[in-house]
Amino acid sequence: MASLSDRLVERGLPGVWAQLAHPTVAGIARGDLDPEIFRSWLEQDYLFLLDYVRVFSRLASHAPDQHLGDLVDLAYATWHDELELHRGLAAEFGADLLGAIKGEPCIAYTEFLLAAAGDYGRGLAGLLPCMWGYSTLGQLLAERPPPDPRYARWVATYADPGFTALARRCAQMVDEAHEWTLLDEPTAIAAFDEAMRLELAFWTVPGPMTEAE
Amino acid sequence: MSTARALIASSASLWPRVTSHPFLRNIADGDLDDAVFRRWVAADHAFNVEYERFTAGLMSIAPTQHAAEVVGNHLAPNRVNLEVLARTARRHKVDLDVEPGPTTIGFSSYLRALLTTGYEPSVAALYSAEKVYFDAWSAIEPKTNHSAPYWPLVENFSSERTADALAALTLLVNNAAPDGPSAAMRTAFSRVVRFELLFWTAIYVGETW
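From first to last, the protein sequence lines are chains A and B.
Under my numbering, the first residue of the first sequence carries the number 23, and numbering increases by one thereafter.
Under my numbering, the first residue of the second sequence carries the number 86, and numbering increases by one thereafter.
Since the hints were made in silico from the structure, they are not lab data.
Heads up, a few of these hints could be off.
Said to hold, decoys possible - The following residues of chain A were derived to be distant from chain B, with all beta-carbon distances above 12 Å:
#  : residue
1  : Ser-25
2  : Pro-36
3  : Ala-51
4  : Arg-52
5  : Leu-55
6  : Val-75
7  : Phe-78
8  : Arg-80
9  : Leu-81
10 : Asp-87
11 : His-102
12 : Ala-130
13 : Trp-202
14 : Glu-216
15 : Trp-225
16 : Thr-226
Claimed, not checked - Pairwise CB distance ranges, derived in the manner of DEER restraints:
#  : chain 1 : residue 1 : chain 2 : residue 2 : range
17 : A       : Trp-39    : B       : Arg-176   : 47 to 53 Å
18 : B       : Pro-263   : A       : Leu-42    : 39 to 45 Å
19 : B       : Gly-291   : A       : Asp-206   : 30 to 36 Å
By construction, the Cβ of each residue, glycine as well, lies at the ideal position given by its N, Cα and C atoms.
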């Protein structure tokens, strides 16, 4: 029988296809995304990740012993590896990471995740769309890397086996939380679906995209 | 006087008890009883697991990203502490799967409960724990025998990395209350020093339920 995370991932696949078809992701894949849009995305994602680290630490503060180290490692990897990628790309795209202000999609997503992390199982299920979604997108895009080396670097980060391993561990933790009765399936589905919805909305960045609408 | 200095000054009477505690003196003199050593490894491992939860919780309520980063930088050394303790336990066949004693549970539960009172008392508690630990282990590090079974622990607790993390935390505490520590910060700081002393005593005498 498929595990809970398998069922969630199966459920989330249409959401990943929708992300792949989103103009921002499609532009990254082709390598011709307007750099202004990517700059805005970079700023929003930087702000998102700062709160994402807090989500991991909040979960760690009430995690079972078997998950505590993983969550601390995830917080650390996000802070030192993923944010480092953003800092590295910021100069190339003229992004103002320190002066940026959260747009509505970023506010909605971070508020949801921080609140969800108050309940251990719900918080874990809410993390899965980001971890698994980016890993899946990264692997799909890496099959034909974008010609622009800046976008190719971005794709390579999320296609990296290390990131895949983190995403797998996250899925495993969801299954373990379910097994240990810390997460029931309806709660997992509700948190997962909401995070998938917010994940897709996040690609519509403030500024260049929304002003054109 | 900075907030960090004011906190230390308010608990100044406790400091000589930190460095003169028989548990630490035995370590420095190289005559720590084997049973005490084994209780220490097990109790410190149990405490550090909870301490990691406390630090993660504090990071999640830090008022600024800078504060979250400084607090978060204590998570990695704590991971190292846990690894060194687990390695020491394996090498010397110390069972880590034992029920923690009342003081270990009391100390860690106090820290977890403190998080509900907010960031300032909690960061004062983190500072207190780190300061006591670093001062205590740095004081005995030069005297400790490098071939002693507990040398890796002493070396790790008094390392340069620990000193750097403590220096950043000192600035953070000063910035958290630029006009001086609140009563709640002083209480938290003092209670953690006293809990630390009780913790060592519990290990030393073999406290049981």
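Checked hints:
no.: 1; hint: Ser-25; in the structure: holds, 27 Å
no.: 2; hint: Pro-36; in the structure: holds, 32 Å
no.: 3; hint: Ala-51; in the structure: holds, 31 Å
no.: 4; hint: Arg-52; in the structure: holds, 34 Å
no.: 5; hint: Leu-55; in the structure: holds, 28 Å
no.: 6; hint: Val-75; in the structure: violated, 7 Å
no.: 7; hint: Phe-78; in the structure: violated, 8 Å
no.: 8; hint: Arg-80; in the structure: violated, 4 Å
no.: 9; hint: Leu-81; in the structure: violated, 8 Å
no.: 10; hint: Asp-87; in the structure: violated, 6 Å
no.: 11; hint: His-102; in the structure: violated, 9 Å
no.: 12; hint: Ala-130; in the structure: holds, 19 Å
no.: 13; hint: Trp-202; in the structure: holds, 17 Å
no.: 14; hint: Glu-216; in the structure: holds, 20 Å
no.: 15; hint: Trp-225; in the structure: holds, 24 Å
no.: 16; hint: Thr-226; in the structure: holds, 25 Å
no.: 17; hint: A:Trp-39 <-> B:Arg-176: 47 to 53 Å; in the structure: holds, 52 Å
no.: 18; hint: B:Pro-263 <-> A:Leu-42: 39 to 45 Å; in the structure: violated, 50 Å
no.: 19; hint: B:Gly-291 <-> A:Asp-206: 30 to 36 Å; in the structure: violated, 43 Å
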